[in-house]
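Engineer: Chain by chain, the residues:
2 protein chains.
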Amino acid sequence: MATTLNRINALKQVAFRKGGFDSFIVFNSSNLTYFTGFSGASALLIPENGENTVYVYGVNYAQAKAELAEVKVELVERGENLIDKIAKQAKAFKIEKLAVDSLTIESWRALTKSLGSEKTLATDPNFIRDLRKVKDAKEIELMRKAAELTSEGMRAARETLAAGMREYEVAAEIEYAMRKQGCYGTAFDTIVASGVSSAFPHGGCSDRKIRKGDLVVVDVGATYKSYRSDMTRTFTAGKPSEKQEKLYQVVKTAQEKAFEAVKPNVKAADVDATARKIIADAGYGEYFVHNLGHGVGLEIHEPPTLSPDSKDVLAEGNVVTVEPGVYLVGYGGIRLEDTLLLQRKGAEKLTEGQSTLNKE
Amino acid sequence: MATTLNRINALKQVAFRKGGFDSFIVFNSSNLTYFTGFSGASALLIPENGENTVYVYGVNYAQAKAELAEVKVELVERGENLIDKIAKQAKAFKIEKLAVDSLTIESWRALTKSLGSEKTLATDPNFIRDLRKVKDAKEIELMRKAAELTSEGMRAARETLAAGMREYEVAAEIEYAMRKQGCYGTAFDTIVASGVSSAFPHGGCSDRKIRKGDLVVVDVGATYKSYRSDMTRTFTAGKPSEKQEKLYQVVKTAQEKAFEAVKPNVKAADVDATARKIIADAGYGEYFVHNLGHGVGLEIHEPPTLSPDSKDVLAEGNVVTVEPGVYLVGYGGIRLEDTLLLQRKGAEKLTEGQSTLNKE
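These protein sequence lines map, in sequence, to chains A and B.
To convert a position in the first sequence, counted from 1, into my numbering, add 1358.
To convert a position in the second sequence, counted from 1, into my numbering, add 1358.
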């Protein structure tokens, strides 16, 4: 719990000292989990002068009272309006310059109306985005566990996948293996994309029967106490063809060179370029149709982004995926992905597992 | 595919004929799935005069081209800004009164700036909300399947749950059973909340070992082709006590009376009141800390809402949950939930399964 209070204090440091705000309201659900460790809150008011207050509906109130020791827990009663309730408290705290992380246009209008002035309000999601990019010790511990469980799921895929199985049957074995080891759920819908579907990065997981000779892209992630992980391997059902092996080596080399490039103080766009050049040089540039990678944490996609147009600079404590791919529509696709933790001198792979096309 | 075009035409009917708009932009991801049948789109522009256009990033472009026959598929290229691209097309279509389903304040500002005028823009999520409340034949077919798979998961819970198992181990058996039968994933994080955790409506699913005598709330949902279902049973590990049986009968009676009350043209608030009165009369009114139920479909919580302050009136084609509960903090909780389809004369239970506290 002290950890979450540290995070609130870190936000106050940047938003109040540097940003010039005197209060912050957090509405985004991942941000709420980050600052409270609790997933059932509806809002968190962080005033410069006053008590940090979590707003919770009746359904989650008893649990919030039991689990949250370091913030005030305020019940939003039936018939009460959350926005009005927060605005009333903000006025009581004599708040003059309020930041929110994110709001829909409707809620924005309701909040400015409740506050009585639009001038007091601004959005700045970047304070929190920048904090969340650098994982603290507690987060790293949870992400190691999520990655370990993810690797367990991939091991199950490698062991069970065979021609004749339906895509969802492979997913069943993966998810069962992760769950039995203590995972809290999947970090995203498991992808098992076989044959022509493997050429779609978000193809599968359908009732298609895997056929001998198919490429099968398996993209899997476990969640552990709200933290996520992400890993992809591509297998063949049966012995790979020469063309499949050749394509695989291109993607594998691209991934390995990217691993070496992932270091603190390196531009994320440069890491993307390293992998992209290898694929382009092999003649498949136009078939690598997505970014090289993304940050992972409480969300499956979060900053920093490893892409050609990314402005991010990598830093110690970032957790990112590196996932080059080649997708030949009508033929099939290959993607390889691991989740990496940036250490002071380079990247540590959190997900672990063999990387060969042939399962044997 | 004809189905999704029917849905677009139904929106045009209400938004253009009745609402006075001449175009609609859909951004919400469930709404995009509803109108296209595809889950990888980023926006859909529906002009009164012009072609319906789906906007897709490179990662999903090949799949969109392969799967979408009745709308134009537009690639958002690297470096292009989605909002600017749509605004440019809107201007080409000479759009004068544009509605959007939902937008963050930042995107709203970007869109009004791109359009060159705020006057052209309005949000109205209610057109789509009202359409989605009434499921069409295709949706009902998919929701029947999702409910069947959910019932399968609950059967696995009833069969395997025992003192000595960890909560997540029960979840593993539930999810494996659903997946093996062809489900596409869970509709929400499975809840297995035992002992004191069962008193929290969103308690579990942790590594807690289930003990003899515990109440165990199991809340589970399968997803089938993007459609969801929702079901809860409460079991005891071992023979129930007299107090547990008494509490269970209160909740069960409340649920049964609510089933009878669910009919077209009935106020959702009245159905909630029916169940709430039974629980209050038994002396547990203050321990029923949530709404009676919610709509289900592409999202796990969607309109209509069965609550004391709901303004919804039920109609044929609605799919809703009925889930009374009693939660005694420090002791345990009991919830019973099924997913119902409103037929012309009353409710049909889509989820099916025994309702007894004792597993035997």
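Don't take every hint at face value.
Identical chains share a label here; the pair holds if one copy fits it or two copies do between them.
Taking lysine-lysine and the DSSO-like style, the derived pairs with C-alpha atoms no more than 30 Å apart in a straight line are [claimed, not checked]:
no. : residue 1 : residue 2
1   : Lys1703   : Lys1601
2   : Lys1669   : Lys1446
3   : Lys1703   : Lys1449
4   : Lys1621   : Lys1601
5   : Lys1703   : Lys1471
6   : Lys1471   : Lys1376
7   : Lys1610   : Lys1597
8   : Lys1669   : Lys1538
9   : Lys1604   : Lys1491
10  : Lys1717   : Lys1567
11  : Lys1583   : Lys1570
12  : Lys1669   : Lys1703
13  : Lys1538   : Lys1625
Because the hints were derived from the structure by calculation, they are not lab data.
Model, not experiment: these values are computed from the prediction.
Engineer: If a hint holds in the structure, say so; if it doesn't, say that too.
Structural biologist: Here is how each hint holds up against the structure:
1. Lys1703 with Lys1601: neither (36 Å within a copy, 61 Å between copies)
2. Lys1669 with Lys1446: Only across copies: Lys1669 and Lys1446 sit 26 Å apart there, 39 Å inside one copy, limit 30 Å.
3. Lys1703 with Lys1449: neither (48 Å within a copy, 51 Å between copies)
4. Lys1621 with Lys1601: neither (33 Å within a copy, 61 Å between copies)
5. Lys1703 with Lys1471: Neither, since 50 Å and 44 Å both go past 30 Å.
6. Lys1471 with Lys1376: both (27 Å within a copy, 29 Å between copies)
7. Lys1610 with Lys1597: within (18 Å within a copy, 56 Å between copies)
8. Lys1669 with Lys1538: neither (40 Å within a copy, 43 Å between copies)
9. Lys1604 with Lys1491: Neither: 36 Å inside a chain and 51 Å across chains, both beyond 30 Å.
10. Lys1717 with Lys1567: within (18 Å within a copy, 36 Å between copies)
11. Lys1583 with Lys1570: between (38 Å within a copy, 26 Å between copies)
12. Lys1669 with Lys1703: within (21 Å within a copy, 59 Å between copies)
13. Lys1538 with Lys1625: Answer is neither; intra-copy 39 Å and inter-copy 44 Å both fail.
When the structure is compared with the earlier hints, violations turn up for hints 1, 3, 4, 5, 8, 9, 13 and for no others.
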